[in-house]
Amino acid sequence: MKFVAVIRQVPDGESRLRIQGDRVDLSGATLILDQMDEYGVEEALRLKEKHGGEAIVVGFGPERTEEAIRTALAMGMDRGIHVVHEGYADPVTVAEALAPVLKEESPTLILTGGQQADWDSQALGGALAEALGVPVVPWTTALQLEGETAKAKHDLDEGAEWVRVRLPAVFTTQQGLNEPRYPTLPGIMKAKKKEIKRVAFQGTSRVEILQESIQEKARLQKILEGKDPVAAAEELVRLLHDEAKVI
Amino acid sequence: MILVVLDHDGSKLRKASLEALTRARKLAEAFGDGVAGVLLAEGQAPVEEARAHVETLYVAELGPYTAEKWAAGILEAAKAGAKAIVAPSSRQSRAYLGRVAYALKAGLLEDTLESWAEGGEVYATRYAYLNRVTQKVKSAPPVVLTVKPNTTPLAEPRGQAGQVVPLSIPPVPTVEVLERVQEEKKGVSLTEADVVVTGGRGMGSAEAFKQVEELAALLGGAVGATRAVVDAGWRPYGEQVGQTGKTVQPSLYIALGVSGAVQHLAGMNKSKYIVAVNKDPEAPIFKHADYGIVGDVHQVLPALIQAVKKLKD
Ligand SMILES: Cc1cc2nc3c(=O)[nH]c(=O)nc-3n(C[C@H](O)[C@H](O)[C@H](O)COP(=O)(O)OP(=O)(O)OC[C@H]3O[C@@H](n4cnc5c(N)ncnc54)[C@H](O)[C@@H]3O)c2cc1C
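Chains F and X, in that order, are what the protein sequence lines are.
Take the first sequence: its letter number 24 is residue 24 in the numbering used here, and every next letter is one higher.
Take the second sequence: its letter number 268 is residue 268 in the numbering used here, and every next letter is one higher.
The set of hints was computed from the structure by calculation and includes no laboratory data.
Every residue gets a Cβ at the ideal spot worked out from N, C-alpha and C, and that includes glycine.
Among the hints, erroneous ones may be present.
Chain F stretches covered by chain X per the calculated footprint, using a threshold of three residues with CB under 8 angstroms from any CB of chain X [what the hints assert, rightly or not]:
| no. | region |
| --- | --- |
| 1 | 25–34 |
| 2 | 118–127 |
| 3 | 181–191 |
| 4 | 213–227 |
One side of the interface only, derived from the structure: several residues of chain F facing chain X at Cβ under 8 angstroms [as the list claims (entries may be wrong)]:
| no. | residue |
| --- | --- |
| 5 | Glu86 |
| 6 | Gly87 |
| 7 | Gln115 |
| 8 | Pro135 |
| 9 | Trp139 |
| 10 | Ala142 |
| 11 | Gln144 |
| 12 | Leu145 |
| 13 | Gln174 |
| 14 | Gly176 |
| 15 | Ile196 |
| 16 | His241 |
| 17 | Asp242 |
| 18 | Ile247 |
Which residues of chain X face chain F? A partial, calculated answer using Cβ under 8 angstroms [said to hold, decoys possible]:
| no. | residue |
| --- | --- |
| 19 | Phe31 |
| 20 | Asn150 |
| 21 | Thr151 |
So here's chain F without its partners, still in its complex pose (with noise of 0.2 angstroms):
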């Protein structure tokens, strides 16, 4: 069996985000393994260590993107493939960048993010799914392996279902999958010996980014204190109601 997790590198959602020339500047950024993204890693660690096989991570993105690659590999996972591309690419044209990578490997099941920390996309598991000609479960929270097929819990828009599959197939993480664990010093000094094949992509995005800004909306930060809840209840709602006029 080969479990095969989907990865990017994207910003830590609490660093600083700059603009230049119109476009966001990741260079004083801290970069990491997107979150979305690590359990995927980690659900194909747990499957791999419940059927036996191979977890291989897949990464797309520039150079640094080994880094998140090797974060995968010091996890656990066993080899890496690192399809380079650098700058903006949609969620068709990383699809079709890695369709080919995904295709030789004919895994038994493909993990990806179910949503993007970086361009926010939700779409790239459909899209993936649809190169390889294989069903999507988008938003997983449960996932068993019962022979050819699998069982998996996902959410919907309102609730939830259950859904049997036959593999392959992609699925998409949702938060409650699984708890990530961390890299080990072990984990981390036996991810520098693993191999990592390098791929190069020359395609270019069907999107084109324009401009980018950031306008973080000032706020007025008027902030009571709530020793005399009924006096700051009552002062909170006066304002809403005269200043704000939302109520």
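Position chain X with the ligand relative to chain F; hints supplied.
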């Protein structure tokens, strides 16, 4: 042709579909094209309501929703030559539209705030980086575009009912739905609400949410929850606000006992006014708040309910 995916609740079109129709008409005008709709039904679909908005309405009865069936239905309707497919953005639509976009090798513009056509290309604005950045993007047709809820005026009927065309869709390999856990929907829908009252782990228990519900009802709003609350089983996932929950943008967002983690902020940081109640004056949420009270939510919330009642009298 510009194709609109008409999402419905089994009896009427969702508000988000009427927003998508407005966007589609704008693109259709720019391209000198007509608007067609696709109505994928599970059970009773609002055919009459839908055909009042479009020139052609493609209809298919597909049984329970799966991303594969919905994608197949849309692709079948798009065969007539869609320059753009416009749909409401929802968690479900993003899964099937990822498939559709790949199949058509289309430019996918997700969760757009505004969209327009210029020089034969489609432009849009959208948020990125966990809602912290606004992007202006463009793509040449074909384009698949999703509309963020509450960004667009609702379309009015055309005054002339469109032609209904049944679609036949070949069976597709898909998931088998074993069991659906439908959440009970109460009151105003979260993404459409103009007031959202969210409780965090600081609420302390599921019971304490009765008062969150009471305040939300008084303000004509909806209840939201943080992930911590959903994981604790206090509230259903459908109420989760944040990166992996829903994105809301009401006029008033009230966060009670919420710390203000980035993943939560991602779902609500574009609200017009943010109010926070937290006993910790250092809680990050206060940096993102317009108004706030430093205090125990168990004392402040009942007082807030009383104060709002007093105002209403
Ligand atoms: C990939 C990923 C995705 C995520 N997606 C989401 C998401 O979509 N939505 C989401 O919400 N989170 C999400 N999270 C989780 C997020 O990081 C936080 O853990 C979560 O938002 C915390 O919820 P909370 O504020 O209710 O709880 P806590 O962080 O525990 O905060 C509770 C707050 O209540 C205050 N408090 C306690 N008692 C009282 C009292 N009596 N009166 C007043 N105040 C009190 C405390 O001071 C504290 O500030 C995600 C995390 C990851 C890694």
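Results of checking the hints against the structure:
1. 25–34: violated (count 0)
2. 118–127: Per the Cβ count (10), the hint holds.
3. 181–191: The restraint on the region 181–191 of chain F is violated, since only 0 of its residues have a Cβ under 8 angstroms from chain X and three are required.
4. 213–227: Coverage by chain X holds here, the residue count being 14 at a Cβ distance below 8 angstroms.
5. Glu86: This hint is violated: Glu86(F) lies away from chain X, its Cβ roughly 18 angstroms from the closest one there, beyond 8 angstroms.
6. Gly87: violated, 13 angstroms
7. Gln115: Because about 6 angstroms separates Gln115(F) from the closest Cβ in chain X, which is inside the 8 angstroms limit, the hint holds.
8. Pro135: Cβ of Pro135(F) sits 5 angstroms from chain X, so the hint holds.
9. Trp139: holds, 6 angstroms
10. Ala142: With a closest approach of 12 angstroms, the Ala142(F) hint is violated.
11. Gln144: violated, 12 angstroms
12. Leu145: violated, 15 angstroms
13. Gln174: holds, 6 angstroms
14. Gly176: With a closest approach of 6 angstroms, the Gly176(F) hint holds.
15. Ile196: Violated, because the Cβ-Cβ distance from Ile196(F) to chain X comes to roughly 26 angstroms (cut-off 8 angstroms).
16. His241: Status holds, d = 6 angstroms.
17. Asp242: violated, 10 angstroms
18. Ile247: holds, 6 angstroms
19. Phe31: violated, 18 angstroms
20. Asn150: Violated, because the Cβ-Cβ distance from Asn150(X) to chain F comes to roughly 15 angstroms (cut-off 8 angstroms).
21. Thr151: Since the shortest Cβ distance to chain F is 15 angstroms, the answer is violated.
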